[in-house]
Structure formats: structure tokens, C-alpha cells
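So the protein lines, in turn, are chains A and B.
All residue numbers for the first sequence refer to the numbering used here, where the first residue is 1 and numbers rise by one.
All residue numbers for the second sequence refer to the numbering used here, where the first residue is 1 and numbers rise by one.
Be aware that one or more of the hints could be misleading.
Output of the computed footprint for chain A on chain B, the stretches with three or more beta carbons under 8 Å from beta carbons of chain A [to be verified]: (1) 167-179; (2) 254-264.
Negatives, chain B to chain A, calculated, CB over 12 Å [claimed, not checked]: (3) Ser23; (4) Asp67; (5) Ala86; (6) Val90; (7) Gly116; (8) Asn229; (9) Val241.
So the derived label-pair ranges between C-beta atoms look like this [unchecked claim]: (10) B:Leu75 <-> A:Ala112: 46 to 54 Å; (11) A:Gly114 <-> B:Arg25: 43 to 51 Å; (12) A:Ala172 <-> B:Ile29: 47 to 55 Å; (13) A:Ala172 <-> B:Leu91: 34 to 42 Å; (14) B:Leu91 <-> A:Ala112: 46 to 54 Å; (15) B:Leu91 <-> A:Thr77: 57 to 65 Å; (16) B:Ser31 <-> A:Thr63: 56 to 64 Å; (17) A:Gly17 <-> B:Leu91: 50 to 58 Å; (18) A:Thr15 <-> B:Val90: 37 to 45 Å; (19) B:Ile261 <-> A:Thr23: 44 to 52 Å; (20) B:Val90 <-> A:Gly114: 33 to 41 Å; (21) B:Val105 <-> A:Thr23: 51 to 59 Å; (22) A:Ala172 <-> B:Ser31: 30 to 38 Å.
Hints in this document: simulated from the structure, not taken from any laboratory.
All C-beta atoms, glycine included, are put in the ideal place defined by N, C-alpha and C.
Here are the chains, one letter per residue:
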Amino acid sequence: MAQQLEIRKVVKNFTLGVGRKSTIVKALDDVSFDISEGEIVAITGPSGCGKTTILRIIMGLETASSGEVISCGKKVTGCGFDRSLVFQHAELLPWRNAKSNVAFGLELMGMAQGERDEVASRYLAMVGLSHAADRLPHQLSGGMKQRVGIARALATEPDILLMDEPFGSLDAQTREDLQNELLDIHGHTKKTIVIVTHDLDEAVLLADRVIVMKAGRVEQVLTIEIPRPRGKLAGLRGNAEFGRKRLALWELLHEERQSA
Amino acid sequence: MKPNEIAATPADLVDGRPTPRWSNRTITILSLIVVLLFLEVVGRRANPMFASYPSAIAVELVKMTADGRLVFAFLQSLSPLLVGFALAVVLGVPLGVLIGRFRSVEAAIGVYITAGYAMPLVALVPLYILWFGLGFGVKVAIITTLTFFPICINSWLGVKMVPRTLIEVGLSFVGSKQEILRKIVLPASVPYIMSGLRLGVGKAIIGMIVAEFFTAISGLGGIIINAANTFETAQMLAPIVVIMIFAVGVTALLAWGERKIAPWHQELTRQD
Numbered sequence: 001m002a003q004q005l006e007i008r009k010v011v012k013n014f015t016l017g018v019g020r021k022s023t024i025v026k027a028l029d030d031v032s033f034d035i036s037e038g039e040i041v042a043i044t045g046p047s048g049c050g051k052t053t054i055l056r057i058i059m060g061l062e063t064a065s066s067g068e069v070i071s072c073g074k075k076v077t078g079c080g081f082d083r084s085l086v087f088q089h090a091e092l093l094p095w096r097n098a099k100s101n102v103a104f105g106l107e108l109m110g111m112a113q114g115e116r117d118e119v120a121s122r123y124l125a126m127v128g129l130s131h132a133a134d135r136l137p138h139q140l141s142g143g144m145k146q147r148v149g150i151a152r153a154l155a156t157e158p159d160i161l162l163m164d165e166p167f168g169s170l171d172a173q174t175r176e177d178l179q180n181e182l183l184d185i186h187g188h189t190k191k192t193i194v195i196v197t198h199d200l201d202e203a204v205l206l207a208d209r210v211i212v213m214k215a216g217r218v219e220q221v222l223t224i225e226i227p228r229p230r231g232k233l234a235g236l237r238g239n240a241e242f243g244r245k246r247l248a249l250w251e252l253l254h255e256e257r258q259s260a
Numbered sequence: 001m002k003p004n005e006i007a008a009t010p011a012d013l014v015d016g017r018p019t020p021r022w023s024n025r026t027i028t029i030l031s032l033i034v035v036l037l038f039l040e041v042v043g044r045r046a047n048p049m050f051a052s053y054p055s056a057i058a059v060e061l062v063k064m065t066a067d068g069r070l071v072f073a074f075l076q077s078l079s080p081l082l083v084g085f086a087l088a089v090v091l092g093v094p095l096g097v098l099i100g101r102f103r104s105v106e107a108a109i110g111v112y113i114t115a116g117y118a119m120p121l122v123a124l125v126p127l128y129i130l131w132f133g134l135g136f137g138v139k140v141a142i143i144t145t146l147t148f149f150p151i152c153i154n155s156w157l158g159v160k161m162v163p164r165t166l167i168e169v170g171l172s173f174v175g176s177k178q179e180i181l182r183k184i185v186l187p188a189s190v191p192y193i194m195s196g197l198r199l200g201v202g203k204a205i206i207g208m209i210v211a212e213f214f215t216a217i218s219g220l221g222g223i224i225i226n227a228a229n230t231f232e233t234a235q236m237l238a239p240i241v242v243i244m245i246f247a248v249g250v251t252a253l254l255a256w257g258e259r260k261i262a263p264w265h266q267e268l269t270r271q272d
């Protein structure tokens with residue numbers, strides 16, 4: 001499989017003003033990993049480990065202090081339509097209805113009205129929200145909002161879907177439904193997906209590999225050997241590999257917490 | 001399970017809230033009745049030179065409307081008010097947006113806007129008369145000056161209050177600065193801009209009366225000052241009532257406009 005995303009020695013320094021002094025904080029310290037085409041990779045770790053920062057650098061919303069990100073063979077210098085970001089809280093534009101939110105990226109892409117209506121309807125249907133096309137975001141539940149967010153990110157047909165704790169604020173039931181849908185979508189689009197999560201179950205259930213980060217460094221990379229299609233997640237929890245990797249992950253993070 | 005089945009729980013939808021026992025309109029009308037009755041009782045006990053009461057003012061209102069004085073004065077006041085307000089919007093909104101959007105513009109002129117808002121305009125009226133004369137122009141200038149600042153400041157604030165993450169949505173789809181301004185920043189600022197316009201209405205009316213007092217005496221302000229000079233208290237208060245009703249009407253109109261333009265905002269901020 002071709003390398004779709006290459007992260008090369010990425011360092012990110014933040015300047016933090018504490019009182020009168022300003023200190024430099026190393027949010028990312030020499031982070032490197034590769035992601036292949038069609039792979040689902042989860043990035044996890046304790047708060048402040050830099051998992052969201054690396055995702056934002058991959059997206060191009062932030063720039064690395066040094067090192068580089070190569071997406072589809074090209075060096076990332078900013079945002080691009082080869083990548084799409086699903087935001088933590090969906091971040092729909094409150095004055096646009098569901099369909100028009102899905103069409104937003106297409107609009108900025110310069111697609112003509114008729115075509116973008118058609119594409120937006122198709123992606124809204126993919127996330128099961130055709131019936132809510134005319135609703136404004138405040139008329140949608142949390143789960144529906146995030147579905148619209150996913151449809152908006154997919155509509156521009158990126159090669160890589162980046163997700164920043166997309167299901168973190170949803171209730172357990174809705175979260176599992178959306179996780180199942182994400183696996184379905186991956187099943188028929190074969191998109192490369194990078195998902196940042198603090199939910200260990202989510203990481204193991206969804207991903208081919210889990211990158212564990214700690215204090216701005218890649219601590220370990222776990223390969224999850226559960227074959228695809230994985231079917232419904234409810235049935236996966238009894239899987240021996242799931243149990244093993246879930247435990248390994250838990251111990252890794254637990255260790256960190258004790259040493260912290 | 002189909003994805004949409006778990007999605008639409010009634011608690012998440014907005015239309016399921018209970019209707020309150022007293023509608024807002026009923027409360028407002030009751031409040032008006034109580035206050036008017038109170039003023040009527042207290043006002044009748046006072047010396048008519050020092051105070052008046054609602055029914056006497058109503059009689060004056062009818063009389064002055066019938067002989068055309070009030071209507072003429074109102075229209076005379078209205079034209080500088082409209083021109084002055086429109087100018088304040090045309091200047092204030094774009095400047096406010098510019099200050100909010102560009103850090104360097106904010107650093108360069110933000111301080112003048114903040115200072116200008118607190119400027120005691122009445123003290124500057126003599127200068128305005130020297131610059132703009134005594135006619136229509138000076139009235140417009142006074143109204144515009146007074147109205148410009150709240151409108152500009154609110155537009156500025158509105159742009160500053162746009163959540164960073166919404167702008168990042170635009171950035172993530174490779175939106176240009178101009179697209180992000182047009183498609184994200186401006187629509188997101190509409191509620192603040194509209195509340196700036198509402199504050200501006202009050203300021204514009206104050207400006208209008210100040211102008212009519214201190215430049216060529218005319219319009220509703222003219223009636224007020226002439227009646228006051230002859231101790232016709234009820235006659236003096238009649239145009240003041242007209243002004244207040246007018247302000248309430250315009251404010252309601254703007255609020256209605258805001259609900260039409262930005263229905264989402266009310267839903268996001270509802271307190272009950």
C-alpha cells in the first residue's frame with residue numbers, strides 16, 4: 001500500500017505566558033509516523049500529549065516549528081482539499097440548514113449550485129439525514145449535528161479524513177451508532193481516516209493501528225489485528241484481540257498516569 | 001437500527017417547550033396600565049406647571065394632531081433623523097467590521113472609537129454650528145456623530161466574538177480571507193450589528209432633539225422648547241410621548257428584522 005501521509009520529525013513549540021515570564025512549551029517533540037492508503041489510525045494519549053496538535057498540523061491549521069508533513073506526496077503548507085477535518089463539536093454554521101452546511105466546502109471549492117445541491121443531498125443521505133435537510137443546526141440533536149459534520153467533510157471527497165475527538169461529547173448509544181456508521185463509510189469509500197480520541201474502546205474497535213502519545217512524543221504504536229469488515233461493534237467487544245489490545249493500551253496509559 | 005431513529009429525541013428539538021401562563025404581551029400591557037394609572041393619580045395632585053398626567057397629555061396630543069402641528073413637526077424631525085441614522089450605519093458597520101477583523105486597524109484607530117463613544121457631544125454643538133451652519137446639515141452631523149459610535153463598537157465587538165473554530169471551518173476548506181469574511185464572519189456578527197442598530201436608534205433620537213434645541217429650533221424639539229418656555233407642561237410632554245412611542249416602534253421593527261435575518265441566534269441564546 002502506498003504511503004498516503006508521512007509525518008517527519010515534527011516539532012511544535014508554544015510560547016506560554018505565565019505571569020511576567022514566557023516559557024517555551026514543547027507540545028510535539030520529534031513526532032514521526034506514516035499512514036497508508038485506506039488505513040484507519042487512532043491517535044490517543046492523556047490530555048496535553050499533543051494528539052490534537054499533530055492532527056491540526058496535518059490539517060494545516062497550524063504549522064510545525066520544524067519537520068514536515070507530506071500528504072499524497074506533497075508537502076503540507078496549509079489546508080487543502082486532499083484533507084478534511086471533522087471538528088470536535090461539529091461546528092456547523094448556525095445560519096445554514098443541514099444541506100447547505102454539507103454544501104459549504106463545495107461552495108468554497110467553486111462548484112456550481114446545481115451540482116453542489118446534488119452532491120450535498122447524496123452525502124446527507126449517506127449519513128441518514130435526508131429527512132432533516134432543511135433543519136437549522138439548533139433544530140438537530142448532537143448526534144445529527146456530528147453526522148452533518150461528517151457529511152460536510154466527506155462531500156469535498158478528500159483522500160484523508162481527519163477527526164478530532166468527533167464522538168467525545170455524544171451519549172454512549174449515539175456514539176456507538178456513529179462509530180458503526182463510520183466503519184460502514186470506510187467500508188465502501190476506503191478513505192484513509194485519522195481519528196484522535198481519548199476513548200480506548202473507540203481506538204481499538206475502529207483502528208488498524210493505535211498511536212499512543214505521551215508528552216509530545218510517540219510512545220508506542222499498536223497494531224490491531226481484527227480483520228475487516230469488522231461488523232457491528234457490539235459483537236466485537238468479546239473478541240480476544242480486542243481484549244488484549246484494550247488491556248495493553250490501558251496499561252500503557254495507566255503507567256503514564258502513575259509516573260506523571 | 002436506522003441512523004435517524006436515535007437522532008430525533010423530543011428533548012433536543014426546540015418546539016416542545018411549554019407555553020407560559022402569561023404571554024409577554026399581556027405582561028407588557030398590564031404594566032402599561034398600572035404605570036399610566038399611577039402617573040394619572042400622582043400627576044393630578046401636582047401643580048400643572050410642574051407636572052402633567054396622561055389624560056391631559058392625551059388631550060394635547062389629539063389637539064396638536066388635529067391642527068397639524070404635531071404631524072408637521074414630526075416629519076420635520078424625521079428627515080434629518082433618517083439621513084443621520086443611515087449615514088451612521090453606512091460608516092459605522094464597515095468600519096467596525098474592519099477594526100474587528102484586522103489587528104493593525106484595531107491598534108491604529110480602536111482607541112479613537114472608544115474615546116469617541118464617551119465624547120460629550122452637547123459641548124461640541126457650538127463648534128458644529130460653526131462648521132456646518134444652522135440648517136439641515138448640522139442636524140444630520142450631530143445625529144450621525146452620536147449614532148455612529150454604538151453602531152461601530154457593536155459591529156467591532158460582533159466580529160471579535162465570532163468563534164475561532166467557525167473561522168477554522170472556512171480555513172479548512174481553503175477559504176480566502178474575503179470568503180471567510182462574507183460567508184462566516186459577517187453572518188455570525190449579524191446579531192451584534194443589529195443590537196448596535198437598536199442602541200443607535202436611542203442615540204439618534206437624542207441627537208435629533210439636541211440638534212433641534214441648540215441649532216435652528218424646529219421639529220418636535222422645537223415644540224418642546226417653546227412649550228417649556230411658556231410653562232405649557234402637557235403640551236411639552238406630548239411630543240416627548242410621541243418620540244418614545246416612535247422609538248419603541250422602531251426598536252420592535254429592528255428586533256423583528258433580526259428574527260427574520262438571524263432566527264438561529266434567538267434559539268441559541270434563549271434563557272428559559
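Please confirm whether B:Ser23 is truly not at the interface, meaning its C-beta sits more than 12 Å away from all C-beta atoms of chain A. holds, 23 Å
Outcome of range test on Cβ distance (B:Leu91, A:Ala112; 46 to 54 Å): Once the Cβ atoms are compared, 36 Å apart, the range 46 to 54 Å for A:Ala112 and B:Leu91 is violated.
Cβ separation check - B:Asp67 to all of chain A, threshold 12 Å: The claim holds: B:Asp67 sits with its nearest Cβ about 49 Å from chain A, beyond 12 Å.
Least C-beta distance between B:Asn229 and chain A, which was stated to exceed 12 Å: Fine: 52 Å to the nearest Cβ keeps B:Asn229 off the interface.
Please check whether A:Thr15 and B:Val90 have a Cβ separation lying inside 37 to 45 Å. At 41 Å between Cβs, range holds.
State, for the Cβ atoms of A:Ala172 and B:Ser31, whether the hinted interval 30 to 38 Å holds or is violated. At 48 Å between Cβs, range violated.
Has the region 167-179 of chain B got at least three residues whose CB is nearer than 8 Å to a CB belonging to chain A? Per the Cβ count (9), the hint holds.
For B:Val90, is the shortest CB-to-CB distance to chain A above 12 Å, so the non-interface label stands? holds, 23 Å
Whether the CB-CB distance between B:Ile261 and A:Thr23 falls inside 44 to 52 Å: Holds - the Cβ-Cβ distance for B:Ile261 and A:Thr23, about 46 Å, lies within 44 to 52 Å.
Minimum C-beta separation from B:Gly116 to chain A exceeding 12 Å: can you confirm that? Given that every Cβ of chain A is farther than 12 Å from that of B:Gly116, nearest at about 31 Å, it holds.
Can you let me know if the beta-carbon spacing of B:Val105 and A:Thr23 is within 51 to 59 Å? violated, 31 Å
Verify the CB-CB distance for B:Ser31 and A:Thr63 against the hinted window 56 to 64 Å. holds, 58 Å
Violated hints for the displayed structure, listed by number in ascending order: 13, 14, 15, 17, 21 and 22.
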